[in-house]
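Trainee: When you get a sec, could you build the whole thing from the sequences and use the hints?
So the protein lines, in turn, are chains A and B.
Per the numbering used here, the very first residue in the first sequence carries number 6; after that it's consecutive.
Per the numbering used here, the very first residue in the second sequence carries number 2; after that it's consecutive.
It is possible that some hints are incorrect.
Here are the simulated EDC-like pairs of lysine to aspartate or glutamate, each with C-alpha atoms no more than 16 Å apart in a straight line [said to hold, decoys possible]: (1) 323/A to 345/A; (2) 209/B to 99/A; (3) 121/B to 58/A; (4) 205/B to 345/A; (5) 78/A to 191/B; (6) 26/A to 214/A; (7) 248/A to 333/A; (8) 323/A to 294/A; (9) 125/B to 129/A.
Read the hints as simulated data drawn from the structure, not as lab findings.
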Amino acid sequence: MVALQVKDLSKSFGNTRVLKKINLTIDEGSFIVLLGPSGCGKSTLLNIIAGLETIDEGNVFIDDYNVSKVEPKDRNIAMVFQSYALYPSMTVKENIIFGLKQARVSKKKIEEQLEKVASFLKVDELLNRKPSQLSGGQRQRTAMGRALVREPRIFLFDEPLSNLDAKLRVEMRHEIKKLYTSLKTTMVYVTHDQVEAMSLASKIAVMNEGIIQQLDAPQKIYDKPNSLFVADFIGSPSMNFIKGTITRDSNSIIFIPNGENEINFDLTHYEFIDKIEDNQRIVLGLRPEYVSNLEDNNKNMKKLSLKPVIIETTGFDKNVTFDFAGSEIIGRFTPNSGVELNKNHNVYLNLSQISLFNEKTEMRM
Amino acid sequence: MSASNSLNYKKLEDKSRIKNLFLRYFLYIILGLFAFYFIFPLYVMLVTSFKTMEEIRQGNLLTLPSQLNIDSWLVAWGGRGYGAGDTYLRPFFWNSTKMVVPATIFSTFIGAMTGYVLTKWRFKGDNWVFLFLLFGCFIPYQAILLPMARTLGVLGISNSIFGLIVVHSIYGIPFTTLFFRNYYVSIPNELIKAARIDGAGFFKIFFKILLPISAPIIVVTVIWQFTQIWNDFLFGATFSFGEAAPIQVALNNMVLSSTSVKEYNVDMASAIIAGFPTLIVYVLAGKYFIRGLTSGAVKG
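Mentor: Structure follows, in structure tokens:
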């Protein structure tokens, strides 16, 4: 069943078009993450779904009802904000039940709901405190309590973890995931953090410049990004891009990186290779984990000898940057690889996991 | 670290300590001078008000009175008790009170409302509205005297306390709006969004969420408005006379209209009485005044 649908939605602020004909269908019980750099329109889209922002063109449907002109409070949604947006003059308890009081829910029901939510979020000890007396994590819990207590149809999250420090962020991310697993309510979550998106989402919508670039399951987005933008945005360190040209002859298809006459890659195995013309200029995308110091008995392995220019230790592995074909490529080396700066080292490229993009349209081929 | 090095550091330490000590003393001397400069006139006023005329005529301006003589204070407040021409401050003090309290409350409230709308319920052209309101802060008092007099005449409220309340309220709105707007601009809009999702409307959000956290700026605005309105002379002198005048006008009449001998002790006592309420307001709420002027964002 479809819980939320956005149809041909457009929005401008002055002369800037923030959203350009957005179409989005969200199934009941799914966790959608709107992911993109700042200014891509993801927060505006969320605000429009919430009813906090007016629509220029298009419509929003919740459970088949057109709610485009319905007040936020009547949309059966709840929202958690980046700055928590707790009412500073009210205690935690008053904050949580404010919405229920506005909706004139009976006292008895309010008490029941409060108790349930407070114990679920472990804020029952804090009920009489003011927001200024809470830590970041406790504030975030309270803000979530305020959303939970309404038992909404859809949860909306606007970068809820961005104000927390790194450790707490991971903790709260787990809490949100737990919350989702136990409630199975539809959730729409805005973030610019791809790690958050990958770990939480059942589907990610990658947005850029007011357009949804790709809407897919996290693994699909990671493995088969459908544009250069998505490929670059997802993954850390991000995907390596090697520009070059395709040459076809009778029984093989060869990729020659720009400025590297002696090196070529055999791409005959690529699934959509038939669609690529001779002499076409393309960008080959290769994730850093497929650039390694370890040899593998894969027939699509390509061995190169390259000089590292930067070595970064992560503990788990080493991110090694090489100059290659006029740009840089990053590889993930094992910690004991013995790689040294400015000393040639064998590098193995696993070409069975590549993405090819049209250089002109920047779309996946 | 070698011995010579540590010796060097010792020297440098001493040097910086002496320098800091010197600067500290210098600072306190300067501060003391300024404090003296500002407190001195008040001292002269106070000692003069407790002297008899006899003492004033012969004595030095700075000497303390031989005894605390409160006669001049009683005269300034309650008059001498004879009929015509006896001007004293008591009725005018109440005139000013009746004027300043409603005008301050009203202009502060309106300013809070407009500040709220201009920051949290943005509409097309709101910046222009704000610009024109700001314009009101820079229009000199003298420029609006004639149109205001005409307006009050048409409304039939010239030469009345009510008329002055209206004038001061209207004239105060640009300032109060400016204060509240600048305060509310620093309050995150997400707070309003959250309240809207929770089902609160325009007034609910204002009264339940914004006003309870506006204490610092309310104090600033109230002090500002109270001081402005209480100390105003021009509007009072222009739009009222006789029994409807506020205290500053009465003070002027008292000091300037005495035909016989200048009674400096009574004049000084009157001036202190006329300035007393603003002094009290500032002493009581001054701490919040500074805090409100410098504070902005509401955290949490």
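Trainee: If a hint holds in the structure, say so; if it doesn't, say that too.
Mentor: Evaluation of the provided hints:
As the CA atoms of residue 323/A and residue 345/A are separated by approximately 11 Å, the hinted pair is consistent with the 16 Å bound. Restraint check for residue 209/B and residue 99/A: the C-alpha separation of about 11 Å stays at or below 16 Å, so the hint holds. Among the hinted pairs, residue 121/B with residue 58/A is consistent with the structure: their alpha-carbon atoms are about 13 Å apart, no more than 16 Å. With a C-alpha separation of about 66 Å, the suggested pair residue 205/B and residue 345/A falls outside the 16 Å cut-off, and the hint is violated.
Proximity of residue 78/A to residue 191/B is assessed by CA-CA distance (about 15 Å); at most 16 Å being required, the pair is judged to hold. Taken as a hint, the residue 26/A and residue 214/A pair is honoured in the structure, with Cα atoms around 12 Å apart against an allowance of 16 Å. Annotation: proposed proximity of residue 248/A to residue 333/A holds, straight-line Cα distance about 11 Å (limit 16 Å). Only pairs whose Cα atoms come within 16 Å are accepted, and residue 323/A paired with residue 294/A is accepted, the gap being roughly 11 Å.
Restraint check: the Cα-Cα separation between residue 125/B and residue 129/A comes to about 44 Å, which exceeds 16 Å; the hinted pair is violated.
Of the numbered hints given earlier, the model fails hints 4 and 9; all others are met.
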